[in-house]
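Q: If you read the protein sequences in the order shown, they are chains A and B.
First residue of the first sequence? That's 1 in the numbering used here, and the numbers climb one at a time after it.
First residue of the second sequence? That's 1 in the numbering used here, and the numbers climb one at a time after it.
None of these hints come from the bench; they were simulated from the model.
A quick note: this is a predicted structure, and the numbers were derived from the prediction, not measured.
Take the hints with a grain of salt, since some may be wrong.
Stretches of chain B that chain A covers, calculated by requiring three or more beta carbons in the stretch to come under 8 Å of a beta carbon on chain A [stated by the list, open to error]:
no.: 1; region: 40-53
no.: 2; region: 256-268
Each computed EDC-like pair below joins lysine to aspartate or glutamate, with the alpha-carbon atoms no more than 16 Å apart [stated by the list, open to error]:
no.: 3; chain 1: A; residue 1: K97; chain 2: B; residue 2: D63
no.: 4; chain 1: B; residue 1: K77; chain 2: A; residue 2: E34
no.: 5; chain 1: A; residue 1: K82; chain 2: B; residue 2: E53
no.: 6; chain 1: A; residue 1: K97; chain 2: B; residue 2: D67
no.: 7; chain 1: A; residue 1: K82; chain 2: B; residue 2: D74
no.: 8; chain 1: A; residue 1: K97; chain 2: B; residue 2: E16
no.: 9; chain 1: B; residue 1: K25; chain 2: A; residue 2: D85
no.: 10; chain 1: A; residue 1: K117; chain 2: B; residue 2: D63
no.: 11; chain 1: A; residue 1: K97; chain 2: B; residue 2: D87
no.: 12; chain 1: A; residue 1: K82; chain 2: B; residue 2: E46
no.: 13; chain 1: B; residue 1: K77; chain 2: A; residue 2: D85
no.: 14; chain 1: B; residue 1: K77; chain 2: A; residue 2: D40
no.: 15; chain 1: B; residue 1: K61; chain 2: B; residue 2: E16
no.: 16; chain 1: B; residue 1: K61; chain 2: A; residue 2: D75
no.: 17; chain 1: B; residue 1: K61; chain 2: A; residue 2: D65
no.: 18; chain 1: B; residue 1: K104; chain 2: B; residue 2: E16
no.: 19; chain 1: A; residue 1: K82; chain 2: B; residue 2: E96
no.: 20; chain 1: A; residue 1: K110; chain 2: A; residue 2: D28
no.: 21; chain 1: A; residue 1: K117; chain 2: B; residue 2: E69
no.: 22; chain 1: B; residue 1: K273; chain 2: B; residue 2: D214
no.: 23; chain 1: A; residue 1: K97; chain 2: B; residue 2: E32
no.: 24; chain 1: B; residue 1: K77; chain 2: A; residue 2: D88
no.: 25; chain 1: A; residue 1: K117; chain 2: B; residue 2: E53
no.: 26; chain 1: B; residue 1: K97; chain 2: B; residue 2: E69
no.: 27; chain 1: A; residue 1: K62; chain 2: B; residue 2: D63
no.: 28; chain 1: A; residue 1: K37; chain 2: A; residue 2: D56
Positions of the beta carbon are idealized from the N, C-alpha and C atoms, including for glycine.
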Amino acid sequence: MTKKRKITEEFSVMTEPVAVEEATSANDLKSNLEQTKSYDGVIGYIMRNSTSATIDLKDPTKIVDYAIVSSSALDAGNEFSKLFDLGDMEDIIVEGKTAKILSLSIGENKVSVFMDKNADCAQILKKLRSL
Amino acid sequence: MDTEVYSFALKNALNEIQNICPDIKNAFMFREDGEVIAGDVNTPEETIAHVVEAFDSITEKADAIGDIESITLDSTKGRVNITCLNDLYLATVTNEKADMVYVKTVTRVLIPTILNLLDKINPVPAKNDLPKPPTIEQEPEPSPVRKTKDKVKLIEETEPEEFDEPEQIQPEVEPRSLIPEPPVNQFIVENIGGLLVPSDTVRIDNEIITQWLDLYPEKKIVDVDVETFVGESVTCKVKPIKDSKYEGKGIIQMPDKIQLNLGIKKGELVRVKPVIQ
Chain A
1 MTKKRKITEE FSVMTEPVAV EEATSANDLK SNLEQTKSYD GVIGYIMRNS TSATIDLKDP
61 TKIVDYAIVS SSALDAGNEF SKLFDLGDME DIIVEGKTAK ILSLSIGENK VSVFMDKNAD
121 CAQILKKLRS L
Chain B
1 MDTEVYSFAL KNALNEIQNI CPDIKNAFMF REDGEVIAGD VNTPEETIAH VVEAFDSITE
61 KADAIGDIES ITLDSTKGRV NITCLNDLYL ATVTNEKADM VYVKTVTRVL IPTILNLLDK
121 INPVPAKNDL PKPPTIEQEP EPSPVRKTKD KVKLIEETEP EEFDEPEQIQ PEVEPRSLIP
181 EPPVNQFIVE NIGGLLVPSD TVRIDNEIIT QWLDLYPEKK IVDVDVETFV GESVTCKVKP
241 IKDSKYEGKG IIQMPDKIQL NLGIKKGELV RVKPVIQ
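Isolated chain B, as found in the complex (with noise of 0.2 Å):
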């Protein structure tokens, strides 16, 4: 996955967090080797910057205790936290009046559901700083075909698992299908404006559509279906992104209506998969 849209994702699950809990005055995420991943608004990096220092200098020396799990820090004005989470350390600031039992029910379950989720949807999570391609979720294998009673049903790999119906699965597997399942790919929301600019189409990486003409090689991707994470789906024309300085950072420029409909607007994320004609 795209470390830019994984932080991202994670740094809206942190504001959201704090509006639900005002009690945390603070929260951000980084890794064991210094890393940081997501911050919320309020604080500057440059104090993240510093706590995560502070954090090594521990880490360094906390051989005779082993790996760090928690720091639990209690002051007369508040209390600063850091839990390892799923590989990812989650400090949180709060104030001295905060209700710690509702704090950690939210933090503790929350995060490690956003995390759990977004390794779902890709298995190669931000764990690595290798460049990627801006693509989250592709499918570029056909998938595989399972019979059902009356039909034959296509299986969306990219669906986590437990949304399967297993009932409905028999055994045995036929590959009737020869076209591969449309690939969905995450993007983040750039307006575009213009007078020329038509209303009906979005713009996108044009590698992203090299990779699915190169998927299907006899057909014509005109189309491509949007939909947003609350489920809200719209198709529209796609075209590639003339604008240099948006080419390779996982964008998608929208015109305002079609972020309208969709109720949506710039910097949040969508999915997008082509329409095969």
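Just chain A, same shape as in the assembly (with noise of 0.2 Å):
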């Protein structure tokens, strides 16, 4: 009986922005990124913060590659940002004529899902924001 009243509280909670960070732990964001890996046309997945990275790719060896082009998208879409005053970058979707690419920042952690040109990234986006 206790259990169950405490699980209804943090849910009640996760439903407060200021709590959403909190939230937001590498855990909460890794596990909805495994659930994103079931979705039609998704390759794999990077997420890095300052301290650790984890990458899962149904291709290991173009690891390398999607790291760095995952990077330069992040980096690309804060210099877009800033340039034409936007704010905050949210999200930036790279599509390449055989792929693409998802990058966001949740908290902490650098996120980037790759996919087959045909997946579904609103999806995508819509798993990973609802933490």
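Hints given; two lone chains; assemble the complex.
A: Structure (structure tokens):
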């Protein structure tokens, strides 16, 4: 009974904007990223913060390539936001001829999800933003 | 096509797009190699250069995902979209409340249409940087003459194909006419003023007039037909440009009176072809 009550309280706290950052722990985010891997067309993801990085890609030979392009995408996104005075970057989608990348910052974590060209970016974004 | 004219046409298009879609704060176009083709009046060149540089930093490292087709950035106060259109990249910056469906409809319909039109006007667009004379449309070769039911019709090769009327064209071709179709050139209007300036005379590059005379060695070229892109036209006298600073730039110096008659002003484009006498 006590345990059940606690869970309810946690849920109600998570709906408060102030608490979102606290709840956006690396573990929660990682859990969501794991779930996105089951979505159609998702190739893998990279999550990194100041202390660690988690990489999960179907094709490990491309880890370096994907890491570099995702880092460039985030840097370019911040640069664009600054140049046009657009405030804080929320997310950036880079679409190539064969695949696309969704990159965003969630709390201290920088996340990039790699997917096939026809994958549903909005669905993944919604999932990641749900934390 | 002269790169300057090509850019001028695109720049006008970008400005007009912003007029009909005020949610677009900035718009500009560049090539994959980083060359800026055109930018709207609101966007400083320095800003465009920084964007292109940042874009390059992604493309250089994008082998894993193939050539970049689009980049969409969402920020708290707006959005940046860079889309590949006909081998060029169109960048638009919109505010956070922009109707993106409308913005996409406007940009992804109008810009490709304009690019296609420019390519049709002359199939050698600004895809290379070789210096060219300021001519845009030239038909130095005699046009084929096709026989219709009642008359022989000169087919204007400079017109887009869809304007042809295939049902009127017979398969037989009789090259009866020996006079080449007058070439059509495009120029940017420049003002000309002064006390002794005749109000019925335009001035263009002597090089162009010489090219025309080469085409029609036994003819005189005293007049030209000047036509705007909305269909207004006038026939006036033509003379070579005197001021060397306007030479080789695709300029037509035009008195105010003619500009008024045509409903145009400095900086706009006109088509010019010689009147063969």
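Q: Work down the list of hints and note, for each, if the structure agrees.
A: For each hint, the structure was consulted:
1. 40-53: holds (count 3)
2. 256-268: With 0 residues in contact (Cβ-Cβ under 8 Å with chain A), the coverage given for the region 256-268 of chain B is violated.
3. K97/A - D63/B: holds (10 Å)
4. K77/B - E34/A: It is violated: about 30 Å lies between the C-alpha atoms, which goes past 16 Å.
5. K82/A - E53/B: Between K82/A and E53/B the Cα gap is close to 14 Å, so the pair holds against 16 Å.
6. K97/A - D67/B: holds (5 Å)
7. K82/A - D74/B: Holds, at roughly 12 Å.
8. K97/A - E16/B: violated (30 Å)
9. K25/B - D85/A: At roughly 11 Å apart (the allowed maximum being 16 Å), D85/A and K25/B satisfy the hint.
10. K117/A - D63/B: Holds, because 14 Å separates the two Cα atoms, which is no more than 16 Å.
11. K97/A - D87/B: Status holds; Cα separation ~13 Å.
12. K82/A - E46/B: holds (13 Å)
13. K77/B - D85/A: holds (8 Å)
14. K77/B - D40/A: With a Cα-Cα distance of about 31 Å, the restraint between K77/B and D40/A is violated, given a limit of 16 Å.
15. K61/B - E16/B: Not OK: K61/B and E16/B at ~35 Å, beyond 16 Å, violated.
16. K61/B - D75/A: Judged against 16 Å, a Cα distance of about 13 Å means the pair holds.
17. K61/B - D65/A: Distance of about 7 Å is within 16 Å: holds.
18. K104/B - E16/B: holds (15 Å)
19. K82/A - E96/B: holds (15 Å)
20. K110/A - D28/A: Status holds; Cα separation ~14 Å.
21. K117/A - E69/B: holds (10 Å)
22. K273/B - D214/B: Holds - the C-alpha atoms of D214/B and K273/B are around 14 Å apart, at most 16 Å.
23. K97/A - E32/B: holds (14 Å)
24. K77/B - D88/A: Distance ~8 Å between K77/B and D88/A Cα, so the pair holds.
25. K117/A - E53/B: Violated, at about 25 Å.
26. K97/B - E69/B: violated (24 Å)
27. K62/A - D63/B: With Cα atoms ~10 Å apart, K62/A and D63/B stay inside 16 Å; holds.
28. K37/A - D56/A: holds (9 Å)
Consistency with the previously given hints fails for numbers 2, 4, 8, 14, 15, 25, 26, ordered from lowest to highest.
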